[in-house]
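We have chain A; now place chain B onto it with these hints.
So the protein lines, in turn, are chains A and B. Terminal number for the first sequence in our numbering: 190, no gaps in between. Terminal number for the second sequence in our numbering: 100, no gaps in between.
Treat the hints loosely; a few may be bogus.
Unchecked claim - If you want the ones that stay clear, here's a sample from chain B, every Cβ over 10 Å from chain A, calculated:
1) L52
2) A95
3) D97
4) A99
As the list claims (entries may be wrong) - Computed cross-link-like contacts, SDA-like style, restricted to lysine to any residue with a CA-CA straight-line distance of at most 25 Å:
5) K139(A) to V60(B)
6) K139(A) to F51(B)
7) K139(A) to A45(B)
8) K94(A) to V83(B)
9) K139(A) to T129(A)
10) K94(A) to T96(B)
Everything labelled a hint here was simulated from the structure, so no lab data went into it. Even glycine gets a Cβ: it sits at the ideal position worked out from N, Cα and C.
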Amino acid sequence: MSGVLVDIGFWVLGVLAVASAVVVFVVDSMARATYALALSFVAVGLALLLLQQNYVGVVTVLMMVMEMAVMAVYMVMYMGMNPALMPMSMVHDKRAALAVSVAAFVVLGAGALLVPWPVRRGVPSPDVTAALGESLMGKQMLVMVVVSPVMVATIVGGIVLASGRTRYDRFGDDLDVRTPRDPERGGVGR
Amino acid sequence: MTLQTVLLVAAALFAVGLCGAISQQVVVMVMMGLEVMVNAVILAAGAMWWFLAPDPTGQVLLLVVLAAMTVEMAMGFAVATLVHRHRGSDMTDSATDLAG
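Bound conformation, chain A alone:
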């Protein structure tokens, strides 16, 4: 793709990503906020494709679209209303939040523009996705080895936090109660 097309594509995606991120917090319906966030993620994923991150860009798009679908389900569960129809504005200390975020943008933007960035070191491999795979299965294997138990711990932690009644509620702290304390009697062997 020629340089001008890449530039135009990047600016369109960049403006789309930021604008839809703003929409997330100003729109008056949870469902629309979720769709706007999904759009923002898709724009960033496509921008990553422009930066030749084929694998990471596609993974970002796929993962975030699914994640936003899950988020919409949670909203319906917890908000207890039709999220597409109910207007809402639930914010506190909006002025302070705006001031902090503008200050953060100024500091980060100034850093981006004023830091004398070094020149590029090395050239990308012809197939960056294959290079990433070889790296993950070779030199960077430790990263995968560390991320895997973190993911397992997340699954266990998520279930422990989210479950309403566990075996300790049913059989006591030492698991020594013979008849489980269930709200309803019955079931297999009870």
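Using the frame of chain A, we list chain B on its own:
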């Protein structure tokens, strides 16, 4: 498209996410703010990789950021479920037990 312009867009995304994460009251909306901030980190890291050192190590860092995002979402939803179960509410203001 230069490193500076991509970082500027990422800074704008980060600032928008920060504003949302600080100001929103609903737990799920706070998580949306955090997601936008991590999104900005992904974009900035992708730009750093491409414009400064395009070797596979930088891409591995991006995958780690994506994994962190997944963990944040999963644990956030679990905590939201816990708060909702015990307090019957999905607002951050009803879970201020540890506030100083």
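How the hints compare with the structure:
| no. | hint | result |
| --- | --- | --- |
| 1 | L52 | 6 Å, violated |
| 2 | A95 | 13 Å, holds |
| 3 | D97 | 15 Å, holds |
| 4 | A99 | 13 Å, holds |
| 5 | K139(A) to V60(B) | 11 Å, holds |
| 6 | K139(A) to F51(B) | 22 Å, holds |
| 7 | K139(A) to A45(B) | 20 Å, holds |
| 8 | K94(A) to V83(B) | 24 Å, holds |
| 9 | K139(A) to T129(A) | 15 Å, holds |
| 10 | K94(A) to T96(B) | 19 Å, holds |
Consistency note: the structure conflicts with earlier hint 1 alone.
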